[in-house]
Structures are given as C-alpha cells and as structure tokens.
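K.L.:
In case you want the letters, here they are:
Number of protein chains: 2
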Amino acid sequence: MAEEQNQQLEVAIQHLSDLLHSGQDETFKDSFEALHEYEMGQAYAGLPDHLRSVAWRLLDIELLAMAFDNLDSNDDETIALLLEMPPQKAVQVLRSMYADNEVDLLQQLSSRQLATYLSLMPKKEAEGVRNLIDYEEQTAGSLMSTEYMAVEEELLVGDVMQLVKRHANEAESISYVYVLDNQARLVGVISLRDLLTHPDKLRVSEITNPRVISVKAGDDQEDVAQIVADYNFVSIPVTDDDEHLLGVITVDDILDVIGEEAVEDYSGLAAVNVSQVDDSFWQSAIKRIPWLVALLILGMSTATLINHFDGLVQKASILAVFISLITGTAGNAGTQALALAVRRIAIGNTKTPVKTFLSEMLTGVVVGVVTGLAVFLIVTFWKHNMELGLAVGLAMMIAIMVANLAGYLIPVAMDRLGLDPAVASGPFITTLSDLTSVLIYFSVAQLFISHFIGK
Amino acid sequence: MAEEQNQQLEVAIQHLSDLLHSGQDETFKDSFEALHEYEMGQAYAGLPDHLRSVAWRLLDIELLAMAFDNLDSNDDETIALLLEMPPQKAVQVLRSMYADNEVDLLQQLSSRQLATYLSLMPKKEAEGVRNLIDYEEQTAGSLMSTEYMAVEEELLVGDVMQLVKRHANEAESISYVYVLDNQARLVGVISLRDLLTHPDKLRVSEITNPRVISVKAGDDQEDVAQIVADYNFVSIPVTDDDEHLLGVITVDDILDVIGEEAVEDYSGLAAVNVSQVDDSFWQSAIKRIPWLVALLILGMSTATLINHFDGLVQKASILAVFISLITGTAGNAGTQALALAVRRIAIGNTKTPVKTFLSEMLTGVVVGVVTGLAVFLIVTFWKHNMELGLAVGLAMMIAIMVANLAGYLIPVAMDRLGLDPAVASGPFITTLSDLTSVLIYFSVAQLFISHFIGK
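Those protein sequence lines, which keep their order, are chains A and B.
Take UniProt numbering: the last position of the first sequence gets the number 455, and nothing is skipped along the way.
Take UniProt numbering: the last position of the second sequence gets the number 455, and nothing is skipped along the way.
Just so you know, these hints were derived from the structure itself, not from any lab.
Hints are not guaranteed to be accurate.
As the list makes no split between identical chains, a pair holds if one copy fits it or if it spans any two.
[Said to hold, decoys possible] Below are the PhoX-like pairs computed for lysine-lysine, each with C-alpha atoms no more than 25 Å apart in a straight line:
| id | residue 1 | residue 2 |
| --- | --- | --- |
| 1 | LYS165 | LYS201 |
| 2 | LYS89 | LYS124 |
| 3 | LYS287 | LYS355 |
| 4 | LYS383 | LYS315 |
Taking the hints into account, I'd like the entire structure generated from these sequences.
P.N.:
Right under this line is the structure:
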C-alpha cells in the first residue's frame, strides 16, 4: 500500500514535469492544486531543479506554503529548496506557513540570513517569530503553532460557530476553541463537537469544559507526546507559567515526536543512525566507521588486559576457550539492563529511584546466579573438571552482575547529568563490559588455577 | 508535567473512593462525569475492587463505555475489569463502546465466553462483530472502527451538516464525511472544514475531493501508520478489495501503533521486552534468563570451536589477546547492519532489493578494510610484529564483512519468510557473529602462525 502511494507519486511528478516542460503552465497549476497537500510537498521537491525554478514563479504563495508545510521542516533539504527563491518570495511563503514549520525552517538559517529574512517581515510579526525561535529544541514551545481559535466566555454558541467558520481555513486544528479570561489566561475549552450539537442561542459557558489540560512551553516534548497519546487528543494548548495561552500543538507533530524519539533510542542501542537508511554505501560506511574505530580503541584496553594475563594463559590455555562466552553473555545482560533503563527514562518511571535501583540489583543477582549455575554445570560436565566449572561459573556470575549494574547505572547517571541516555549505546556498554568481564574472569581464574591446572 | 497529571489522578481516585465509601452516590456520579474520558478509565480501574463493584451499578452505561474506551483494549487487565460485571451488563457496555475497542476486548475472551457474549447481542450486531474479530492482528481491519459518517453525492452542504450534527456524538472522528456511490463504494471525501466554510445550498459534489486516500482491510498496520503520518490525516478510511467502505482508523490508534512498533523493534535489538518496565525484580529476572541461557548455549559452540584450536593457542598464547577484540568489533558491525535492515523493512525500502544488497555489501567491504587496516597498524606497532598485525587485521576485515552481511541478510530473509525481523535480536546476531569471527580468526592465524611465532 505504501509502495502503491509512492508509485502514484512518481507518476504524478513525471506528469507535472512534462506539463512544465511543454509549457502547459495553466494545466500544471490545476494539476498541482488537485494534489493532496502531502503530495504537493513531495512533488515540488521531486521536480528537476530547472523546472522547480519555473514552478515557484507560477504557483500561488498559498500553494507553495502548503507544499512547504508538508515537507520535513527540520530537514536541511527543505531549507535548501526555500533558498532557491529570492528572499522576498521565500519570506512570503514562510509567512503563509504554519508558525511551527516556519520557525523550524528559520532556525536552520545562518544568523545573517535570518536577519535578512526577518527584516522583510512586518516588525510585529518578526518579533513574534523571534520569540518562537527562542524556545529550546525538543520542548513544547518548539512544536507549537500560533494559529488557534480563542474566545471569551460571554459569547453564544452561534457567535463562536461564526468565528470557527471564519477561521477554519487558517487554524491548524478546528477541533477545539479555547476560552480565555480577561487577562488572556486559559480557563476552558470548547469542542467543535459540542458546538455543533448545541443550539446557537446557548451561552458557551454552558458547554465550556473548565478542566482544560495544557502543557507549559518549556515542557519536554516526550512528556507532551505521552499526554496526547493517553488522552487521545488531536491538539493540546501550550501556556506560559502564568497560564497565558501561547499556542497549540497538533497531533501530527506528536506523531513525528514519537517517531523521532523511537528512532533516536534505537539508533543509540545500535551505534548507528538508523534514520538515514537511504545513504549511499560510501556515506553509510563513513558514518559507521568512527563508531567502530572508537569502540575498537576502547576494545584495545581489553586486549591489553588479556595480554597482562598472558602468563596465566600460557599455563592454562583452556582459559582462552571461555573468554568470548563470558564477555558475550555479560554483554547481553548489560544490553538488557540498558534497554530497560533507557525505556524507563523515556516513558517516565513510576517507582522511586531507590526502588528501581534495588529491583535492578536483585534482578542482576538472580540472573547472575542462574546463568552462573548453568555455566558451572555445562563446563563441569563437558571438561570433567569441577574446579574449572566453578571458576568459569563464578566469573560469569560476577561479570553478569557488574554488567547488569553498569547497563542500568550509566543511562541513569547520564539522564541526571542532563545528557541523552540513548547516547550510552549498546555497543559502548558491551565493549566496556568486555573489559570488566575479562578482569573478573582472569582474577577468579588466578585464584582457582592451582586447583584445576594439570587435571 | 506528566507526573503532575499522575498526581492529580491519584487525588481524584482517592476523592471518588471516599465518596463511594461514605455513600455519597450522587456526588460520586457527578464527580466521575466531570473527569476527562482518559481519567474516567484510569479512575475506574484505580478504584479498590469492592468499591468498583458499587461503581458499575451506579454509573450509566455511556459513562462506563467511555471509561473502557479509554483503557488499553489489548491489556488483559481491562478485560478482567469487564468480567467483574454480569455478562448482560458487560455486553451493554461493549455495545456502547467504539467497535475497534469492543473487538479488541472480545478477542481476549475464551471461545465459550465469546459465544455467551455474542448471544446477548442482537443477531445482526453479533454478525458484524464476528466479521471484525476475523481481521488478522496488526492489519488495518483490526484497527478500524465502524462509527463513521457517509453520504451519497446528491446532497446539499446543509443536509450533510444536519447529518454531522446528528451523528457528532457517535462518530469516532467528525473531521471527514465519506461519499459513497450507489453500490456503497468509496468515491470521495468531504472535510468538515469545507462543510463549515461553504453555503448550505451548495451541492456537496462541489466540495467533494474525489482523490480520497484509503487503505485495504488487510494492509499492514505499519504501512497505514506511515501514510497517516505522511499525509497528516486525523483519520483514514478502510475498504475491502472492491472499494466498499468498511470503517475508519483514527489517529489515536495510529499513535499506539507507532509506539508499539518502536517498542517491538527496540525490544528485539536488546533481547528483552522493554514494554514491561514495571515488572518486579523476580518477573524481570524470569523474563531475561531464558534469552541469556539460550544465547549462552549458542555461545558454547564458540567455546567448543576455540577449544578445537587449543593446540594453536598453546603454541601462541598471544592469540588469546585478540579474541574479544575481533568478536566484539565484528559484533558491533553486525548490529549496525541489523538495525539499519530492520528499520528499512519497517519504513519501506525505496531502493530495489538488489541495489540495497550491493550497497550493504560495499559498505561492509569499506568498513572492513578501514577497520582491518586500523587493527593492523595498532597491533604491528604495539607488538613490533607485522606478521601478527597482518593476521589480526586480515581476520578482523573478513570477520566484519561476514558479520555485516549476516546482520543485513538475516532480518531480510526473515521478512521474506513472513516472520517479524525484529525477532532477529542484536544479541542473537552478535553471538552468531562470535562463532564465525572465531573461526575466521583462528583459520587466518593458522595460515600465518609459522611467520609470527617465536618472534
């Protein structure tokens, strides 16, 4: 199905190119206007460069704004498309876009370009845009749009419906009308559903829900996404600390947030940016190599450590047999603890930090004891050597407990320090755990060696 | 902010409990009704058992249905709440719920319970429900709701507005009205926005968009989610293969899908179910151990292989030093390739399979050569032994290429076989790659050993 849509889009782009190429400007405009808004964006971006420079001359500002509103406003390819136009034209398009997308694009400009663009806007509008630009990334403020509908409580249902009808084409969502007091503070919300099902003569205060759920402009976008998903909202209002309404966030932006966050966490766990699946092999290699080489250098410390125990290996080469088993299993246990810790941070923990810590500690102990016991049994029976089994099993047990604890503590500590815990990638944890596992393994083996050697 | 909401909810539940406890039934009903729908669900589920059995006797069916509509309909705790009521009451609640949630809950019943419940519904309704139950999980059909608005094209805008007003409280989304031909096939869509901004006397055919984007009931839910996210829809219609309208999927269900899929992929990469962050330490350990032990047994094959090369290690104990470096680095490369492949499958590939394969192969070659070269240099200078450096570097290069290819091919093959590629977990790939890496390492070392031994 998704592929079918892609194919249709390819055909549409080809058709539009042909029309432009053969000079059928009016038919091009009509065909473009008949597209879905998302397709307008894709089609505009998909036109060959020389035809796109014709397209922006032909198309109405409103249509261009729709196209740009439906491209990824955080993508540097989108801003590149905008920069193809002269600044005057680009600013016209930006001003017709939804404020959240406009600001996303402006944020990617150099400060010099930004100054130029803002100088081409009416002063008051430029100020408003500057305020929005100042919101930190990944906060509610950076997601919100300022095209919303708000009224005071004294109106009648019919009045508000008139207002909705007038603003229906500008507002990003028409599902809710917000109610403000005389100091512009958010005090309630009216749903379009209720407006439609109540008589025109009724005072809106009768259908206003005073328990309006809102977020603060500085709130983390993940928290906002969680509330919208829980409450099944299609939009949520954003206020400042004094409850003044600043804007609304619509569910389409929430979909993007959830997608982004998931991709970030996933990328962290794999030490590769999975959002760039379309890279050429060369770009792809260039991006993977630094991680691998950094981890390789960290891994060299493990090699150095094993080298330090060379005397031990020379005495009992059997020790080499279990190196990868212990590092591998401890690494797996560490990855499990890491993934759960990152996830717990992402969705908000319901237990206290102390309880979570104790619970994770105990889990590590149980997992370590059971797995250690399994290894003890396997090695004892395989090699008919209980002392060796004991050494490997004990080392495995301690290595798992340590890896488990590290997998839990590192992301939690990073979160406390205000860093993104997803950066503590799975491979980083496993490479680090290799080092501690080897240290534990050879230390334990050293204690036991007189017992199992020569057997 | 999310925490603030949770605290408010706790307070609300306590308040409701107190009211029930002290017999203030009417105040309880009013307070419950004043909650947000999501909070109704949470509050109902959060009441102590003995008070909940009073609550369902007091509350209107409509309010109970709202509460259940806002609980996770795929959770077995939700169905348990429903089973607390006598079947007659439970069926009344189910019938007042949105069809998608109703069906999710019914699917969790035993076939005997299901038969009882269906026998308590009007025959035609029971048939409709049975049809919905038959849609496979994770398809569009399993997500859709049958409460939508549809009209024929001959009507006027005013007529359709009347219809919207009448059905506003039943339909799950009122943003779109669908247009059907005389054989109930989907031929267009009208947005509420357009209805509001056009005169009542206009024929709806004037504002009907004939290019309606729909999905088929059998389509994969991930594909549906992608379309909704791309097009910024708040709902999307579902049809059968002959374009007959069957239902609609609303954006709140899409939010859940995106969350679920991300959690599944993430869980796969870590070999632990990260959706269960609230497990007790005991449950948590019980769930992690089977994976670890299974991987441990797979890891034993690597140990056996190293054991097989014991003679080699005895001759050159230096070989033990680089085992974890090679297995670790190859494992990391394999995990990167795996994560990208799983992600590419999830979001739909834009290149042909052959191109992707070639691109991934070439990436593996570049990554392998660069990393192998780095290792060659490090080992040569560290050990002042170029032959050893050559052996380790060459082994590293081949091991990375193989791990990279396996990380790419395994999920792709699983997807072709109709299995979920996320099950090919990161730890599984790394453990498997340990085996091939060790085999490659010792085989290469064997070729070179006469050159570097005794140096």
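K.L.:
Each hint needs a verdict: does it hold in this structure or not?
P.N.:
Taking the hints in turn, this is what the structure says about them:
no. : hint              : result
1   : LYS165 <-> LYS201 : both (17 Å within a copy, 16 Å between copies)
2   : LYS89 <-> LYS124  : within (19 Å within a copy, 59 Å between copies)
3   : LYS287 <-> LYS355 : between (39 Å within a copy, 19 Å between copies)
4   : LYS383 <-> LYS315 : both (17 Å within a copy, 21 Å between copies)
In this structure, none of the earlier numbered hints is contradicted; all agree with it.
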